[in-house]
Amino acid sequence: MVEQVDLIRLNQVGVRYQTGNEALKDVSLSIKKGEFVFLVGSSGSGKSTFIKALLREVRTTSGELFVENKRVEKLKRREIPFYRRRIGVVFQEFRLLGDRNVFENVALAQRVIGIARKEKIKKNVCEMLKMVGLAGKEKAYPKELSGGEQQRVAIARAMVNRPSILLADEPTGNLDPENSWEIMRLLEEMNRLGTTVVVVTHNHEIVDQMKKRVVTVQKGRIVSDMMQGGYEV
Amino acid sequence: MSVIGYGFRQGMKNIWKNRLFSLAAIGTISACLFLLGLFYALIGNFRNIVKNMESSVGMTVFFDEGITEERMEQIGEQIRNFDGVKKAEFISAQKAWQDFSREMYGGDSELMEAFGKENPLKDSASYEVYVDDVSVQKKLVPLMEQLDGVRKVNSADTVAKGLGRFNLLIAYISVSIIVLLFLVSVFLINTSVATGIRVRRSEISIMKYIGATDAFVRLPFVIEGIVIGVIGAVIPLVLLRILYERILAFILTHFSVLSEWLTFLSAGELFRVLIPVSFLAGAGIGFLGSSLSVRKYLRSIR
Chain A
1 MVEQVDLIRL
11 NQVGVRYQTG
21 NEALKDVSLS
31 IKKGEFVFLV
41 GSSGSGKSTF
51 IKALLREVRT
61 TSGELFVENK
71 RVEKLKRREI
81 PFYRRRIGVV
91 FQEFRLLGDR
101 NVFENVALAQ
111 RVIGIARKEK
121 IKKNVCEMLK
131 MVGLAGKEKA
141 YPKELSGGEQ
151 QRVAIARAMV
161 NRPSILLADE
171 PTGNLDPENS
181 WEIMRLLEEM
191 NRLGTTVVVV
201 THNHEIVDQM
211 KKRVVTVQKG
221 RIVSDMMQGG
231 YEV
Chain B
234 MSVIGYGFRQ
244 GMKNIWKNRL
254 FSLAAIGTIS
264 ACLFLLGLFY
274 ALIGNFRNIV
284 KNMESSVGMT
294 VFFDEGITEE
304 RMEQIGEQIR
314 NFDGVKKAEF
324 ISAQKAWQDF
334 SREMYGGDSE
344 LMEAFGKENP
354 LKDSASYEVY
364 VDDVSVQKKL
374 VPLMEQLDGV
384 RKVNSADTVA
394 KGLGRFNLLI
404 AYISVSIIVL
414 LFLVSVFLIN
424 TSVATGIRVR
434 RSEISIMKYI
444 GATDAFVRLP
454 FVIEGIVIGV
464 IGAVIPLVLL
474 RILYERILAF
484 ILTHFSVLSE
494 WLTFLSAGEL
504 FRVLIPVSFL
514 AGAGIGFLGS
524 SLSVRKYLRS
534 IR
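Residue numbers (the working numbering), protein chains in the order written: chain A, 1 to 233; chain B, 234 to 535.
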């Protein structure tokens, strides 16, 4: 049962870069706890800036952005790492550490938040790897894995600290259709377990078939927001 | 504890992974600390030689006419009790005449007989006073002059002043050069670590995305810097020790004539100071250099 609480709320948010480029204009949007949302739009429409603003990688220049009732643009520099621990993030290019095996890549997220006990890290990491279907691959290095498997490791790393939000920026962009579907099913499973999922994608087929909420961005503005929508860029 | 353990392991891995950069940084620190050590050895020995010269610059304390032997002994005790006095040697009137005549007449008994049996320097018994530091002479002279029974105090004031100033000059020069070497080392390690950071920027950005604090990101680099600094300190220490002992042995064997003038510090005396100083400097340079470059990089990313 999805609780009707705003987890992410944007009130007339704007982002203007120092170059003068206005990437987001007057964006207002609410995402409730437990929702699964697709963010679609053509290249340069402002989707990535939206993700960056949520991660506080860029600062909004107007309006208000709330995540878990925290005013994101007001966060102090030292507060940002603790804020980001509540958000898991997955990228198109996986961004795994090539010199560390699967276990170490996922365990890094646990070490970063200060979990000290080896046994606890091992238990959490193995549990998460099992959940993403990579049990037994702990000692493999990223280059020994397929693209789909690498993205699963990235999802395991994003989810091992049990964040309330999972942001996925083009998670299937480098994958074949079969692996893309497997990754989407995995994200759906994470959502079913209670995580709010926001997926930025260009994949028409996936958006059309999954029948989730679809927010369309064009030239920095939200042009449509449909429950059980389709890809209409 | 686990975070520190993790930082240490990653720091050591980083050193191995970026062994070319690490070697460059170790080489840089080694070169700087070698120069520092060499300079310290030169300055230390130079100061030691000057100090020995200082302690050979004495003062002569003469007594009033007709003073008793007992009073002279008392004065001797009082002088020895003054701060900074290394030695007060009694020169009897007889010894003063013997030394004088030996110096003047080269021990020619005929010339000496011209004075008969009387000692022309019968009132010239004195104390030769030697000090630890030539700069205390200025204070000691009036103190000794005030003692009851003391007629006059002779001191080599010009020599004392000259040596004092020379010592100060050496101290200024050594501090300036050491500070300069330290700054050069910090700059070079900073550049080396910054290159290492550029190589690992994607790793740092991933860590930042998953919520790593600046301290967590910084730790392996700082440990890496300190370890590089300490290794960079060991190499010049070993080299300097071998070199120093060989040079010392060479000088003492081939220039034994100068041994009275050239009083060198023993390797033990020199390295008792140089070892902790080099380790601290190495670790400090590594810490400062790596901290500055990581801090600069972290400030440039969000």
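The reader is advised that the hints may include incorrect statements.
[Unchecked claim] As a list, the in silico DSS-like pairs of lysine-lysine whose alpha-carbon atoms are at most 30 Å apart: (1) B:Lys328 / B:Lys372; (2) B:Lys529 / A:Lys70; (3) A:Lys137 / B:Lys371; (4) B:Lys371 / B:Lys355; (5) B:Lys246 / A:Lys143; (6) A:Lys118 / B:Lys372; (7) A:Lys120 / B:Lys320; (8) A:Lys74 / B:Lys320; (9) B:Lys250 / A:Lys122; (10) B:Lys529 / A:Lys52; (11) A:Lys76 / B:Lys371; (12) B:Lys320 / B:Lys372; (13) A:Lys137 / A:Lys123; (14) A:Lys70 / A:Lys219; (15) B:Lys246 / A:Lys139; (16) B:Lys250 / A:Lys139; (17) A:Lys52 / A:Lys76; (18) B:Lys250 / A:Lys123; (19) A:Lys32 / A:Lys76; (20) A:Lys32 / A:Lys52; (21) B:Lys246 / A:Lys122; (22) A:Lys118 / B:Lys250; (23) A:Lys123 / A:Lys76; (24) B:Lys246 / A:Lys130; (25) A:Lys139 / A:Lys123; (26) B:Lys355 / B:Lys284; (27) A:Lys130 / A:Lys211.
[What the hints assert, rightly or not] Which chain B residues face chain A? A few, computed with CB under 8 Å, are given here: (28) Ser235; (29) Tyr239; (30) Lys250; (31) Asn314; (32) Phe315; (33) Val318; (34) Glu322; (35) Ile439; (36) Tyr442; (37) Ile443; (38) Gly444; (39) Ala445; (40) Ile475.
Derived from the structure by calculation, the hints contain no laboratory data. C-beta atoms are modelled at their ideal positions from N, C-alpha and C, and glycine is treated no differently.
Contradicted hints - numbers only: Result: hints 3, 6, 7, 8, 11, 23, 26, 31, 32, 33, 34, 40 break, sorted rising.
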